[in-house]
Each structure stands twice: as C-alpha cells, then as structure tokens.
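Peer 1: Take a look at the letters that make up each chain.
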Amino acid sequence: MDCRVINRRRHTGLQQLSSFAETGRTFLGPVKSSKFIIDEECHESVLISSTVRLLESLDLTSAVGQLLNEAIQAQNSTYRTGTSTLLFLVGAWSSAAEECLHLGVPMSLIASVMSEGLNSCIEEVESLQVPIHSVCDHIDSTETFSGLSVSLYPSLQIPSGTGLVQKEHDLKDVTSQSLAFCSLSGRPVKSPQLFRLQAKFEADENISRTPQTLKNNLLADTHCRKSVLTHSRHFSRTDRHWISKPRGFLEQLSAAAPKTYSCSNLAELEVGLSHGDPSSMRLVDEAVRLQHQNSGTKQHIQNWNQYSFVSRWCMEQCCQECLHLGVPMSLIASVMSEGLNSCIEEVESLQVPIHSVCDHIDSTETFSGLSVSLYPSLQIPSGTGLVQKEHDLKDVTSQSLAFCSLSGRPVKSPQLFRLQAKFEADENISRTPQTLKNNLLADTHCRKSVLTHSRHFSRTDRHWISKPRGFLEQLSAAAPKTYSCSNLAELEVGLSHGDPSSMRLVDEAVRLQHQNAGRQRGSHTGLFPFDISRIFTCCLPGLPDTLSCVCPGYITVVSMSTATLVKELQNQPVRVVLVEGDLTENYRHLGFNKPANIKTVSESVKVQQDSSEELWTDHVLQVLIKFNVNLVLARGNVSERLAEKCTDSKQLVIGSVQDSVLQAFAEASGAVQVAYLTHMNENCVGSGVSVTTWRSIPSDTIDGISRMAVVLKTEGINLVTVVLTSPVIAQMQTKEDRFWTCASRLYYALKEQKVFLGGGAVEILCLTHLQSLAGQSVNKGNQDCSGWLHNTSSWLASSAALYRPTVLKCLADGWHRYLSTLLRNTAVYSSDSEAATSIQCHLQNAADSGSPSSYILNEYSKLNSVILNLGISDKLEPIPRVYDVVTPKIEAWRRALDLVLLVLQTDNEIITGLAHTQKSSQESEGFLFL
Amino acid sequence: MSRLEAKKPSICRSDPLTGERARASLAALKGLVTSCYGPAGRLKQLHNGRGGSVVTTSQSAALLAGLPVSHPVLKVLTAAVRNHVACFSDGGLFTAILCCNLVENVQRLGLAPTTVIKLNKHLLSLCTSYLKSEGCACRIPVDFSSTQILLSLVRSILTSKPACMLIAKEVDHISTLILRAFLLTIPENAQEHIILGKSIIVPLKGQRVIDSAVLPGILIEVSGVQLMKILPIKKSDSFKVALFCVSLSGDLSDTGEGTLLVSYGVSLENAALDQLFNLGKQLVSDHVDLVLCQKVIHPSLKQFLRTHHVIAVDRIGVSLMEPLSKVTGTWPIGSLGSISPSSYGSVKDLCIAKFGCKHFFHLIPNKTTICSLLLCNRNDTAWDELKLTCQTALHALQLTIKDPYVLLGGGCTETHLVAYIRHKTRNEPESVLRDERCSQTELQLITEAFCSALESLAGSLEHDGGEILTDSKYGHFWSVQANLPSAVNWPDLPSRCGCGLYSSQEELSWSFLRSARHPFPPQTCLSREATGSADTLTLDCFTAKLSGLQVAVETASLILDLSCVIEDTN
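Heads up: the protein sequence lines correspond to chains A and B, in order.
625 is the number that my numbering gives to position 625 of the first sequence; each next residue is one higher, with no gaps.
215 is the number that my numbering gives to position 215 of the second sequence; each next residue is one higher, with no gaps.
Watch out, some of these pointers could steer you wrong.
As the list claims (entries may be wrong) - Derived pair list, reagent style DSS-like, types lysine-lysine, alpha-carbon separation capped at 25 Å:
| hint | chain 1 | residue 1 | chain 2 | residue 2 |
| --- | --- | --- | --- | --- |
| 1 | B | Lys281 | B | Lys234 |
| 2 | A | Lys751 | B | Lys358 |
| 3 | B | Lys198 | B | Lys240 |
| 4 | B | Lys354 | A | Lys751 |
| 5 | B | Lys198 | B | Lys348 |
| 6 | B | Lys198 | B | Lys354 |
| 7 | A | Lys809 | B | Lys169 |
| 8 | B | Lys121 | B | Lys30 |
| 9 | B | Lys354 | A | Lys754 |
| 10 | B | Lys169 | A | Lys754 |
| 11 | B | Lys295 | A | Lys594 |
| 12 | B | Lys358 | A | Lys754 |
| 13 | A | Lys751 | B | Lys205 |
| 14 | B | Lys326 | B | Lys240 |
Unchecked claim - Some but not every residue of chain A turned toward chain B, in silico, with C-beta under 7 Å:
| hint | residue |
| --- | --- |
| 15 | Thr600 |
| 16 | Ser799 |
| 17 | Thr806 |
Just so you know, these hints were derived from the structure itself, not from any lab.
For every residue, glycine included, the Cβ atom is placed at its ideal position computed from N, Cα and C.
Chain B with its partners taken away, still in its complex shape:
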C-alpha cells in the first residue's frame, strides 16, 4: 500500500542578500577565491574528510567543482563562474573575485538596484569598447611570426598556478611543449575556415616533469601483457584500419527481461563466437592490418587475428574514439554483421613506444592535426593541477588565434582600466547622465564602487603583505614592500611593473593604489618598441578576460536584483 503525503509548501524568503548568513557566506567565498589568485596564491585542500583523495588546487575549475554550496546567492555566483570556465577555461578566479567585490561594494551604497544595474552596464560597455578599440594601451596584437608573445602567454598561465609545483626550467619546458602541441593541431594548408585539431593529454604520473613530451599522432596505452602479444610490426607505407565501437567480447547482446530457455546442447556463447570468427574472416579477407576496438575483443578472436597477421588492440576507451576516427578516416563500426569496405581507414605508420613504466601503441596518421601531449608530474595532486593548467593554456592559445590580441597581465590591465574609467566619467559625464537619467552623485558613487572592485581585484595578487602602487603615466600596477617611509620618492623602486612592460628607470610618479587622487588620462596607444623590448611579459588571454569581465558584472547585477528566493523543500 502506498501512502501519499501532501507536498510541503515552498519557502519564500525576501531580500536574500541582507541576512547575516548571506553576508558571511559571501565573505567566506570571497576569501576563498581571493586567496587563490595569482602566482603567489594560496592553495586549498579539498577532501571528504574520510580518507578520500585529496585535491590541492588554486584553480577555480577544480575548486568550484568540488565545492557544493548551499546558499542560493552563492549558487548563482558559482554557476556563472563555472559556466564561464567551461567556455573559456581561463579567468574563473578573476570573474568570481570581481563579482564578489562588485556585490559587496554596491551593497554598501544602498542605492536602488535598477540604477546600479543601469550604471554598471554602462561602465561595462565603457570598458569593453575601450578594450576592443585600437587605442587601447593594455592590449597587444599577437605577432604570429614569432613565438615570443605566445610563449609569454603560456608561461603566465603556468606560473599563475603554484600547485603545479614547477621550477623555472620546467616551466620553460612545459610552455614550449604546449606551444608545440598547439602548433601541431593547426592544419598545414589552411583555407578560409580553419578547423583546429586536438591535443590529447596522456597521463604519465610519477615521472619527472622534464620527461614530458609531445608526439604527433595518437598514443594508445597498452599493458605490458597485451604488448607482448602484439606482433612485430611489419614495415609498410600504409596500414588498413578497422575501428569498432561495439564490443567484440562475444557476450550476448541484451537478452531482455524474463528467462530465456535454451535446449540442451545448444551453446549461445559458441554461437556468438562463431559470429565473431565470421567477422574475423571478413577482416582478414579484406586485408585489414589493424583492428582497434573501443571495448573488449574476445581472446580467441584476437588469437585468430594474430595467426593471420592482423594486429588487434582493444579497450581503447570512448575518449579516444573520436580522434581515432578522425585521424584514420574510418567510421566506427557498430555491428557484428558484414562491414562495408568504406568504413575502413588507414594510418601511415605504427610503432610501440615506452615512456616511464608505461607502454604505448603509437599511431601516426597521414595528415595529422592531432597530437599527444605526454604529461608527467611527480604526484597525483600536482599532475591533476598541471593537466588542468595545460588545458587552460591550450584553450587560451586557440582563443588567441580567433581574436589575435593579448591583454597585459599582472594586474596592469585592471589598474589601467580603473584610471581610464575614472578619467572618462569625471571628464565626460554628460552623455552618461543624459542617457541613463541619473544624478551626478549616483554616477560618482557607482563609478567608485566599480573602480574599487577592480582595484581590489588587482590587489588580490598580493598575499604577503606588500603594498601596491600605480603610476600616473600608464596607470600600471607596481608592487613594493610594505611600510616604506614616503609615497613619493622611493629610493629603491620596483624594477618593473606587474606585466613587465615598463621599468622604473623612466621618470614616473607613483601613488598608493587605493588612495584618493586626481584622475589622470592614462597614456593610450601602446608603442611598438615597448612591446618588442620586453622579452618576458605577463600576459592574459584577451577573449577569456573580456568575457570574465562581462560575466562578473552581469552576475553581480543579477545577484543585486534578487528580491526573493523561493525554495522547494520537497
């Protein structure tokens, strides 16, 4: 007998942001993401407290994935950030911190949400249009004829994740590998629409980072036992390949519900095996050289194939199926019936490679836009972090090809933007006031909240108690030791700004980042010489950062606009 229970009524709470708990939760989340930010960021250990695996990370992707939040405001925020990370990989922490800062700053003002949202939107469009404009001084066009900028971009991404535990030499090695892997995915004769290939990251944990490598083609891991059974590979120009996505293990396909009665002496297994042998015979008569199967191949079929000099590799896994079908030009075979000759493909060469303690079956295709990045790191935690970072870097490179610009990193873009917005809203407020129909004070307040959100975002790069300065010429980010006597004439100034573009040799005047001062017009139009001279810049992915900025402002507006939360308690 089933019992029906009446549904509980939904709980409706108004003003979800005003409560003490909401504020504390938001502050906790902000503290969490802020402390992770930048190359000196602190790490977080995520575990279940019962002996599960421990994740040590400072990346938003790993952090937010393992962070089940309960408060609805935080849910909105983390969902937005995770969505951004899913699309752009980079800039997750940037988005989360900026969003938290904005919410916190605006909340303090107590203005009507509609005004805030309107003005925030306006300020955002001010930023984006500046960043996209030719005169933008914190954007560098990418010169694809040299690797310098691309390498700097990759290196900046790698060094911003301390949990990868890389030393300088290893950073250089890995960034070169990432760039090489990326270049291997670009087709040689590009037409109008470039379809980028794929870099597959192959894990090799426990080895030295310096042993990592990039290889064209696909690496399929095979166990030592399986490897010994693979025949010596004969020399040939081309190998005919059959790729199966159906299991060849000889088990019976779904027998459905109920009982199947089989009369004595009839063996279903043998029948299935006979079918497999028929398939094998067809493969042999079609002169297939290599049979690849996503799932398991029956050992007897394998043996049959081997006696007919066909190499069989099984248990490839679903993740490799798509790249395999792409490089070999096959269409995965999904039935045990007869195979149409058109579904066979080919590869140029095969070999067996050993890296560390693992054996790999190395497929080299004819036209390759697929490569394998063999990634090593000493322990699992650091490997996981390094893998995520490499994926981020590869993604950033792809985005850079689409939009060939990079932004200055190390906090310089943020401080420069702040200077630009302050100057713009102070000197040309008329258009805003006319368009958005708000008072001068409101505009000033919101601009200040917006700018200080960006400033404290830049300030989050500092974790060891240093001071942050900004210069009044470029509006860049400078880091100095705390408790220095005077703010005007430091004898021993920081040698370079955050992104590394400018040096303190120039006659610059500095002020503390969050101190009150007159708005100044930051120098626009980046000179070519400046970008060429500095060899190692700290750079950020343009597309990802731009999107992060938009997501942060829009999410903050959304959160500020929340007036009531309706929770279904059933």
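So here's chain A without its partners, still in its complex pose:
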C-alpha cells in the first residue's frame, strides 16, 4: 500500500477537476457544439454533444476523474438533465477554491463559507420560481389556442422592414378576425363596436364577389386562424367566456381542416406551380410526390432519397446566404436547421392524411407556428417561403370552405363572407397570378407581424395579461412575485432550451398521454401525471428528420420476411402472449441453476433423431396454436428457428421488447406475462391487439437487411412511441438523448408544479446576491458569524468575517464565468469582455435598484427573453421566455459544489493493492509506504 500527498503546494485534485471540466465548456447553453472523439487505436470516432456522452468517452481512471464521473452519472440517472451545468460549475468552482487557497484562506473555511454561500443563493432564487397552475387541466383548450403560444413570444424589437402600412393592414386583419371569431363562435355578437370598426375599414373598398377573391379572402382569414385567438385575447377584456365556450367549435374546425386536403387540392396546387420560380417549384414538386407517395404508391425509397437531397440543397443555400449576412457562425447551424425544419414542417402539412391515425395535427401546428416566430422569415429560404404560402392559400381556402359547410350555422356564415370580401377587395384588384402571389406574400408576412404588433398593442394596453394573472408589468418593485405559467405550450417552449424539434415530440407525447388518460378515467379532473416510463423511443437511423413523429401504441422494427404475415394480421384483432424472458429452449429463469451432470439415456434409436430444441419448438408451436395466439412479445432473445416456424404458421414473434411495453400490453390486453410458453394457460392470453404496417425502412441503412416498422396497439393502451429519425446515423444517439432531456425537463416541471425563470435570470440573481453578501460582511463585522458556521467553537468561526468576502467573491466568480460562457455559447456576444460588460451593467443596475430579485423580474418581463440581451439592440430575433426546472438545477449546483469540496478537503490519496516493489524509484517519489 502506498499513499500520496496530493496537497503540497498546488492542489492537484482541483486542477484535475478544472481541466476535466474545461472539455465540456461548449455544451453549456442552448447552442451546443458537437465534438468528435477519435480513438487513435482503432480509428473509430464518435459524435457527441452531451456531457454524459463526453465523459463516457474520456479516460477517467484517476480518482478525481472517477468521482466526477460518478457525480455526473448520478445526476443523469436521477434527473437526466443538468449535467452540463454540473460539469461547468465543477470547473468554475474548483478554480475558485484554488484561488482561495492561493489567497491563504483556511481550507475548512473555504468549504464552510462556500457551502453556506450556495445555500443562501438557493434560498434567494426561490423568488424566481414560477408556479405552474394546473397546465394540464386545460390541455384541450390550449390546443385550440394554437396562436397563443405564438403570441407569447413577443418581441419588442420589431423588424425594421415592417412599417406602418403593415400595421394598418394588421389592424384590419385583427378586426376582421375578431369579427370572424365572434360570428364563428355561434354566440350573439357582443361587441358591436367591432362591427363599426370593421365597417370603417371597409368603406373605401370595392366589393367584389368573384369566387377567386372570395377564396382568397377566406384564405386570408383562416390563414390567420392562429392570430384570431391571439387577438381575441386582446379583446377578451370585454368578454372572456369565449375561451371555454366556442372550444368545441374550433376543435371541429381544426378537425375538419385536415380532411380537406384532397386530390382536387393537389390539382390546384399543380396549377399554381406553373407560376413559381424553379427552386420553389422543385420543392413543391417534391411535396406533391410525397403526398402522392402517401396516398399509396410504392416509390418510398426513391422519394425519400430525393427528399433528403432537396433538404440538403436548401441547407446549403441557407448557409451561404447567412454567411453573406454575417450571421455568427455558431448560430448558423441551429438557426438554419430550425428554419429548414419549419419549412419542411410547413410542407409536411400536405401529408396530413397519413397522420390521420394520430389526429393531432393541431398541436403540431402549434409548434410549427412557434418555430416560425422563433426563427423569423429572414432566414427562411425565399424560394420555399413563396411556395409554402401558395400552398397555404389552397389549404386554407379549402379549410375555410370546409368550415363554412361544417359549421351548420348558415346565418352567420354569409355575414362573415361579406365582411371578408369587403375587406380584401382593396388588395386584390387584379387577379393575375403574380399579384395574387404578392398579395399572399404580404399577407403571410403580416401573419408574423400580427404577432409582433399584438405585442405592440399590449404594451399600451396590458391588462389582458396583468388582470387574470397579476403580471408584474406594473413595474413596481413591490409585487414582483406573481409570475405564473398556466399554459402547457408556453411551458414547453420555455423548457425546450433551443431544441424545439425534440420538444415538439414531447409535446405530442404529453397530449397523447393526456387524451388517453382522459379516455381511461372519463374526465379530466385531478392531476394528470405525465408518465415518462410509458414513453418509448424507437430510433430509425437513415430516414429523414421529418419522419420523426409520435404515435400511440408500440412501434418496432421487424424483418421484411414477416411482411406478408403482418398484412394478413392487419385487419383482425390478434391474441397476444407476453414472455418475460428469452424465448429459447435453454432459457431458465434467474436463480435457476441447471445441473451440468445430467444425461438423458433412451432405449430406442428413433427418438434420438429429434433434437431437444426441435421438440421444444414443436411444443411451443402447439401451445400457440392451441390458444389461437398470433402475436408473441418477448423481453429477451427469440430462437431463430422458432421465429421462422412461427412465421410459417402465422404467428408474429417479436423479441427484445422493453419491460414497460410488456406491462402496457399486459394492462391493455389482459395478458399475463409468463416465463415459459410451455407453462401457459388460457388466462395468460391477451386479446384485441391490432397489428399494422407503419412503413418500410430503406434497406441500405441498417446492415443491408430490409426491415419494416410495425405498429402494435390495443384499445386504450397507455403507451406512446416516439419515432426518432435522422438521416445522419451518427446523430441518432444525440437525438435520442435530447428527446429524453426535454421529456425529463417537462416531467420535473409538471411534477414539481414550478419552474425557474431561465435564460440566466437565476444565475445572475445568485451572482448579485453573493456580491451583496460579500459586501455586507465587511460592514457588519462579526455579528453574522455565529449564524454562518453553525456550532463551531473553533477560531474559524470568529475569523470567518475576515475571509468570507474573499471566498464569496470567488464563488461569485464561478457564476460569472458560467454566465459569460452561456452568453458566448449562445453567440449573443463574441468576446468575453463584451459579455462581462453586459453582466457588469446588470449587476450594477440590480445593486442600485435595491431589490435585485424584483429588478430581475422586471427586466425579464420587459424583455421576455434572455435577460442579458438588454442593451444590445441589433439582435433581432425574439427569444421566447425561457424556463428551467427547479430541483434538478439546484441539485446540479449542490452536486458540483459537493464534489469540489470533497476534492478540496482531500489531502491524501491512498492507492491500495499495488506492491511497492513494482514501482521504480522514480515513480515512487512522493509516495509513502506503510
């Protein structure tokens, strides 16, 4: 045994910690740079973009490295989020502790003051917690508020391109929409002044009733369906009950909308195409093909290849454009891909009929609308934008028409039509395609400005926010603690942390689960638990991103050889058996010891020809046939021979099924899990499972064998499968990790019923708080000490006042580094000094204001974005309100500090089991032997 003194002059443990932590610096914040880790021996490389994966790939055999790994694994396995924060703070605070040691602060005092400082911070930031008020009680109503989530990300920074004209136009829009809404709602119109207002706008417009105009008009209206809701919020001061009442109707509308995408629509689209420029045409053409494919043709693979080609092509264009505009490099990747995603999502709306299984297009739209507002049109390739709009035209038109016919309120509809017609007349003087297109462009442009301007209105007139929830727009520091979040979509956006695509999937999964829970219980009352264990991810590498989706039931990949079997099973309820172990002859349950010394002897030669496996296979088949079972789900491996034979006799056998999936099927189908098929009885069989083909997977992506994905589900199964696809296979793991991170964030937010204000607000409050504490102790002297170092009669307690400012300042420096790295990583600032200046400015303001927490709350509500953006007006993109989870975040801080303090207080490293004779004299320097 030997032992090494690790704390002679410089604390090597702390140094190791900071150097490990440095490797994960770029993972902090919403914009993460990926890393390639290359194994020099076998030349394998991994693409990673999370702290956990990074540590998996690092050599952490040193004691400190192992402690770090242990801390991060513990955080990850408990919360699945907060590991980057943990790693960064470990680095920042180990440097801070080292700095304190250099300054001669006694070690015990560093540990004690740092720990108390962090606790004080944790207590302080409670004021930044936002309660979540039963967001899930109104899941359905939020669904109809698809526009609300868009409007909640307001921007004070109006793009300079939009002028007064737009505003006017917008106003009209708003008015007509509100009117439309009022009439649509099927209730007596309560605000006659709206009509008057509308009439005034109409005065100078020629009335034309050509079908084309009408259609266009309708388009304009329904087009802004989302905005309608936004703006009716605006009007809701006078009249709020519409929120609950017309819900059913709006749902009806949205349900009707998808069904109107039909072949006639497609034809129309193709006519429209002849006017487009080549680039747009290409994309639209592709979209048409996609739809065509979805309606049943067999050209999947080819189409997908081309589709991804188009995506790539778009991406290239975007990148070039952006580089010309001088967008910071680090932003390009994320913004571009989001921009492209939103394009693709828009195009995807053509595919709605395929998704009719899911019936949740509404929520998807919520999110796509949102991502549009997140990533303004400046960065959307012009070509695609145009096509989208044109395509929108038809969609929306038909939607509106559908609505008219479906609404069943003929009295109201003509009125609406008339108003609409009047309103648009001044804009559609000529009906040439070109004008139409321009018009449409203007209109869609306005769709965005609607959102912007609605903010504008709300500034002068804010009570629509402040009234119901007591928002702190009053700017008085007295009541700053009334932030709340009662909207699921808003919460999700806040928690997405720069990853809207993953959050969109989480959103869909939550909604699916909620619906299912509602169906099970018959009512939506009570707390809806978001059950993360009943969400299952299915990774399909090689498929385009756009195929990522969420479906009820279980989606898994089976070999193509079962295709005909699946087809046969498709139209009938299937009986199922669940196997909790392997499905092989040799499998025995855990704890069963098979004696090796038993030999079977037999009298006749004939029977010996059948191997025991064949006998077993036959036996299993007999059992399956006897109980009329067509589907077997096994947790472990499945014997290949058995699988083959089963396929021949029309039984689908799927192995490697997760526990939670088996359990979900057990609950929904009434099956009981068995260990041995040969021991099963009638009670173990479940029924009513449906097997359908989901889609085939291109053969070249997974080891050359062609496979297909199937959907298994039963009535009311509490299981949601999230299909994750990525054309880049190396990104698959990252995508899955990111999905789970988003899901866990939402899970903890819903579980705790509270979130933090994110985007640096919490950290800056900590920083301010620590600085003021450090200042206080100088003034106050000894008085606080007894409260600080509890029950310590040591001299350290009395001399703590001397050192406390130093230690607290070092701790605060850790936050400072965190914040400036966050700002640099999000590309808000290009240099550390810029970031530092901005932080300093806020700190000064906060200190001057007297109450840092209310200052931060005020800043936050003013800006509705990352708090440190203030003062930098050339950043145009509006950033939504960011939230963060409470306990995982605080625990990450505590874990980080615990680790640093553990290492700090360690003075000896004892290495066991190494005979000292094995060491050369040089190696053993610095070692003591016992």
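Position chain B against the provided structure of chain A, taking the given hints into account.
Peer 2: The following block gives chain B in isolation, referenced to the frame of chain A:
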C-alpha cells in the same frame, strides 16, 4: 509428479521499533489518522489506482478497512483499532492517534519497557476511575426525559465526518431521524431486560439528503417489474406470512459428483416443479396471504400463487431474513416438504411505497421494534460515509442507554484529564511510588509523555494553523487564531470552549496548551445549571471513549513491549 520444497526458515528481527522504516511507517500512519480527526479533518481517497471505486472518507472504519499494512507494528495497531471499532463503532481515530502518540513519546524517553508499561497502566486506571467517579467534571449524566443531550450527541458524531457533505439543515434533519429511528427500536413495555430492536438502513442514493425518512417496519425493495405483478392488496387486519429461506426456483438440489443418468421422457425439472406446486397448494389451503422468499421463486409458482390471491415476494436477501422472522414471528422454512402450521407468522399491514425512483414493499408488524431508515445522499461516496456515520450514531445511542453518561467533546475531556493527571501525580505521588516501585523522575517523565500524548490528541482537532489554549479553571479546550500578540490578555477571545459548555464571559485565564506551567486542580463536579444552559454541546459517547482510552494505552504497551518479530516467509 509432485515436488517437495524444503520450508524456508522463519526470519527473526529483534527490536522492531528501532528501525528507520518502522519509525517512518509509524509516522506516516500517525499523519494519516491525525489529519482525519475532527470536524475540520481532511479526507482521504482510497482507490486501487486502476479505475476501481473511490472511497472518500475520514473515518477509521473505512480507512483502516482499505489499508493493508505490511509492517508488523502497524498490523498490531490497526488490528487493535479495528477491533475497537467493531465493538463500539465510535472513537477509532481517537484510539489510533492516542496509541501512536504514546508509542512515539515513550520511545523518545528510552526507559525500560516494564516501568513504562507499569506506569502507563497506573495512569490509565487513574483516568478511568476518575471518569467513572461521581465527581468527574467532564461527564454529563443523560436526561432521558428530553432529547437535548441525545440530539447533541448524534449531531456531534455527524458533524465530525465532513465527507458526509451535510449542510446545517441536513445535519438537523438526519440527527432527528437517527434519534427517531433509535427510539422506535425501544420496546414499549420494558421489563428488566430490554432487548433493543434494529434500525435497518435502506439505501436511496442520488436523492436529496432532506428526502431521507424513518418508517416503522420493514421495507423490501422490489423492482418496478415485480411490483406491477403484485396484486392490489386487500384490506385486512392481519396477514398470514410464510417465510422461506430455501430457494423455490425449482432447480434440482445438489446432484453431487458424477453423472446422473435419466431415461428418456423423464423430466427432473417437471418433477421439481410439481413438488413446488404441491407446496403452493398447501400454502393456499393454509390461507397464507403473503409468501416471502430469501431466494428465487419459480415464475410458474408465483403465477399459481397469484391466481389464488397470495402475494409472493422473492429475492429478499439474507440480511433481511433475521429482522423479518423477528417481526412476523415466523421461523424461516427451509424445506420443500410439508410445512408445519406453527411456522407461519403474521403482519399487521402491507403497503407499497415509492421513494425516489425505487419501489418498496412495506411490512408493518404488530409489535414493532424494527424500523427502516431510508437514507439518501447525492453521490455514492458521500452516501457510504453517511451510512457508516449513521450506524456509529445509532450504536452510540445504544451504548448510552446502557451507560447513561456522555463525555464532553471538542477536546475538552482530553485537556481536562491532562490537568487532572498532572495535578494528581504532582500532589499525591506517594501512593504511586510506593505501589509501583519507581523513582520520582520516572513518574514525572512518564506522566509528561502520557499527558502530552493526550494534549497533542486534542491538538489534532486543529488543521488550519490555529492555536489551542486551555483555561486554568476548568481545564477546557479553547481554539484561537494563530500569532496573537500576548498569551494573557486577549481582547477578542474565543466565545466558547471546544465542547460549548463554558463561555469566555467568565473571568478565566488562559495559557497555551503545550506550554510549561503549574499544575492546577481543575474544578470538579459539574453544576447542573451549566449543562442545562448550553443548548448545543459537542458530546462524545462515554463507553466508546473509555474503551478507546483503554485500548490505546494497552496497545501502546503491547507495541512497546515487542522485542522481536518472527516472520514466516513460506
């Protein structure tokens, strides 16, 4: 063909203590244990240097368990300390440091071992008889009508282990839990012989410390999968329990050596399973509600039991068997044959609880002296340390019930004892000199060595370069900042002594701990008011410390008495 080799002769080394290596090793060990001592002690990382798990600790139990020493003197020392820790849990570092100090101090004197041993023994008996006497001023009788002293004891133990990484709030929480867990193990109607129950520590790593809890009864961890298969528990006043310690997995019992020939068509497995089903049928006909098995239950048997509304929980593990058989009143069933009805027991209630990410099957017995302490901490290292500390605290409480006293902690007992011994040997040396037949000088030298060993033990509490003072009234321990100008009149004195009993408001005079000064009689007889006034004292377990003192002195004598080491090199 086997080859026989002649045995190597044993190596005999005389005077094992005089060598350079022995001194260096002893100094290294002393440095190791000394730096761990007290609430500000430094931590040690133990690992194998090849990526094995890392233990961060400052406790003797964990430290010495992972410290394979090679030198025979160190082996004696560590074995003695580990033995002490095994019996008393607390006071391991105290013992080790005192022993090292004694060996080192006495060695320097160069006196004959017999004299040293004799006098050390005498000084030890002086200490123990004083500590056990009514007039002892560093001992407080425990008032069981209030929790104050017991909580202080637990809190002192918790705060002396910094690797637990607890903040003040968490220390309060955990010490309350420990006390509650301890109180739950005391039977309600105590007769003459109290048999204490048991607190089972249930691990829940990765959660917040503040989520720790104490529950009466036994928690059996079950996996999520297993849990889903447990039936909804029906309401009942009492549940009939069968507890198996034999495996019900249906495998064949030991087939012995050689090959077993089985003729075609005969399945031993099926035969074993049939036997299990017969057992199951008997359990069902005996109206058993709950079957618990230490090992594995065959899934088919489980299914059979479930269809007959019997709850089956398997893989309980050997550590829970004894408490289970105690609380349920069963005798573990060890055969698959017929079960005698007398071996069934019962529990009052069953429920399923979820803590953190783990599911537990919660058994609430009729008369409970067994409770479960669900212990959480953020990481594995800190959890392991916290678990050991909690066990120590629980053990200390049990020892305190047996011997209802606590000693003042924070170094005050040591400095007080030193003052007492110095005074005693200076003023009444006659009896010693007559009994032990030694010279006055020898007595003075040995007393000084003994006292300075105790003093530097108290001084080991300081790790950040502070100074230690002692007052001339009570002989307590006071800690001050280093490099203060004068040793007589400090303007800004420490507010309280090490144990927290006395405050500097009194007119006291101080001197440096290891400075030469006149022996004084420390005030004996602790006043009741003094103990009542201070709300948070630093306290030590009486029994453990007393034993530690004895073990240290006796081990030091043993080591000093070693004249030759015979090592078998084969």
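Peer 1: Please write out, lowest number first, the hints stated earlier that are contradicted by the structure.
Peer 2: Hint 17 contradicted; others consistent.
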